[in-house]
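K.L.:
Read top to bottom, the protein sequences are chains G and A.
Residues in the first sequence are numbered from 1 upward in steps of one, following the UniProt record's numbering.
Residues in the second sequence are numbered from 1 upward in steps of one, following the UniProt record's numbering.
Errors might be hidden in some of the hints.
Distance condition first, Cα-Cα at most 20 Å in a straight line; then the derived SDA-like pairs of lysine to any residue [what the hints assert, rightly or not]: (1) Lys-36/A with Ala-61/G; (2) Lys-36/A with His-110/G; (3) Lys-36/A with Met-276/G; (4) Lys-8/A with Thr-70/A; (5) Lys-49/G with Ala-6/G; (6) Lys-36/A with Asp-113/G; (7) Lys-36/A with Asn-58/G; (8) Lys-95/A with Trp-50/G; (9) Lys-36/A with Gly-60/G; (10) Lys-8/A with Ala-26/A; (11) Lys-95/A with Ala-6/G; (12) Lys-36/A with Arg-279/G; (13) Lys-95/A with Val-55/G; (14) Lys-36/A with Val-179/G; (15) Lys-95/A with Asp-57/G; (16) Lys-384/G with Met-320/G; (17) Lys-73/A with Gly-52/A; (18) Lys-36/A with Leu-116/G; (19) Lys-68/G with Glu-37/G; (20) Lys-95/A with Gly-54/G; (21) Lys-95/A with Ser-53/G; (22) Lys-95/A with Glu-44/A; (23) Lys-8/A with Lys-73/A; (24) Lys-36/A with Leu-282/G; (25) Lys-8/A with Glu-44/A; (26) Lys-95/A with Arg-8/G; (27) Lys-36/A with Leu-277/G; (28) Lys-36/A with Glu-112/G; (29) Lys-73/A with Ala-105/A; (30) Lys-172/G with Arg-188/G; (31) Lys-73/A with Arg-54/A; (32) Lys-49/G with Glu-88/A; (33) Lys-36/A with Cys-97/A; (34) Lys-172/G with Phe-120/G; (35) Lys-8/A with Pro-104/A; (36) Lys-36/A with Arg-287/G; (37) Lys-95/A with Asp-5/G; (38) Lys-95/A with Pro-51/G; (39) Lys-95/A with Ser-2/G.
Hints were generated in silico from the structure; no laboratory data involved.
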Amino acid sequence: MSLSDAHRTVEAVWRIESPRLVAGLARLMRDVGVAEELAQDALVAAMEKWPESGVPDNPGAWLMSVAKRRAIDQIRRNEVLARKLGEIGRNLAADGEGVMPDFDATLEDHIEDDLLRLVFVACHPVLSTDGRVALTLRLLGGLTTDEIARAYLVPESTIAQRIVRAKKTLAKAGVPFEVPVGNERVARLSSVLEVIYLVFNEGYAATAGDSWLRPTLCEEALRLGRVLAGLIPDEPEVHGLVALMEIQASRLRARTGPDGAPVLLLDQDRGRWDHMLIRRGLAALERAEALDAERGPYTLQAAIAACHGRARTAEETDWMRIAALYAGLAQVAPSPVVELNRAVALSMAFGPAAGLELVDELTAVPALKEYHLLPSVRGDLLVKLGRLREAGAEFERAAALTRNERERELLTARAVAARADT
Amino acid sequence: MRVMVIMKYDGQTENAAVPTPEYMEAMRSFNEELVKAGVLLAGEGLHPSEKGARVRFEAGGTSVIDGPFTEAKELVAGFWLWQVGSLEEGIEWLKRCPMPDDSPAEIEIRQVFETGDFGEEYTPEQREKDEELRAQVEGR
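Kindly produce the complete structure, drawing on both the sequences and the hints.
P.N.:
This is the structure we're talking about:
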């Protein structure tokens, strides 16, 4: 095996094994940062050994045993240090584990609990959003800092710094390696879901730059969502989020034309939708709805996405149902953006005038002042009502506000078209 | 990226031994691992070819050939669709696939063609643009 082949194999094994490795080590060491460093050490050892010796039959166990040896060394060093400081009796006795943690009370037994703990710690609210995202992709996605940097179009050093800072923050705050319970669990779970959906959306519609899609991040988010659904199958909103992402991802290849320009939902060639992902999404939605009839925000959004996914043609879309689901969403997660979407659904169900009425109310909302979709939607409704001059002005405003190059081109073209027709 | 993992029989083994409960259990647990890792998207096993047919296309039209296909060297027995980060990752998963016995066997893994959407199928133009943008950001 050549050196580069061996390295690719090590990286592949790493991606499969590292979340479990880090999770198991974090429980032993009670520090996610230390666990990650030990796991890294094991990776380096594999990079050195495997090109000569070949990949072991059970590479995960090999990595774990190397990491455990290093962990034991480290604990011994710390003990020596503690003894020197004269604190050994007090500290270790109080800790109830005078010598060594029981490494061989097999990690496998607890690995799923450990993974779940790792999820909650990586998405801890004490961390900045950027920190949560970077740490989650690193520790749970098994991505390298370079891969994360590529996905986010930032220098590698930026991601490395975010991860270092996040690990320090966790250590400093003394965040325990635990799955939260009660009310805290509700809030913490919502942080976890938010991080996953942020990653997905970053990939789904890059807000800056001229690339409409950043597919790796969508894939990662979906994978994290599916893993989480396996870890906590009784949480309806986890299935709701997975359903939402599966159905949205089903449209990825229909969202851009051959020239790379965006294609809007209703204009998409539904034959190009990924029907396997739609089926997966609908199944996840069913699981969410079976667990809780009172649908949460992700489940409601998934139900809306499912209305589109089920419609074989754009004309078949059940807009009344979509409008009703948006009304439900506006109750559990009120936001002007939801209202804007509700306005679109109303216009499709009851005509452009009905939608415009709500949109006009929203023009006064400060939060939407810089939001390009407001003038974009308003322009669209004005076109349908034949008020083309006003529509052209709205599309121009929208074009000036969007940060996506492709979208800007589309909006500018619509402005020109509206003006040409007046 | 997505890969398709294709299990094959040859004409000889297609109707051979019924899988042992141990093998079935190992396969179930392997599938479970794949699901838990967010890797398994879909997968099906196929009945022997005696329950299938082939449609042959020729200048004069079509004709149907009923199974079994005894002449065949390789008959598809089932498939998986996996979501993985790289072909290498797919291969590492595949190495963990349980086998019914020690007789030599091959399982094929192929990359699914995805036009301009996921992963490696990202078009060269898009990639180039992202690389440019990244260089700009780094140069700041």
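K.L.:
Checking each numbered hint in turn, tell me which of them this model violates, lowest number first.
P.N.:
Of the numbered hints, all hold.
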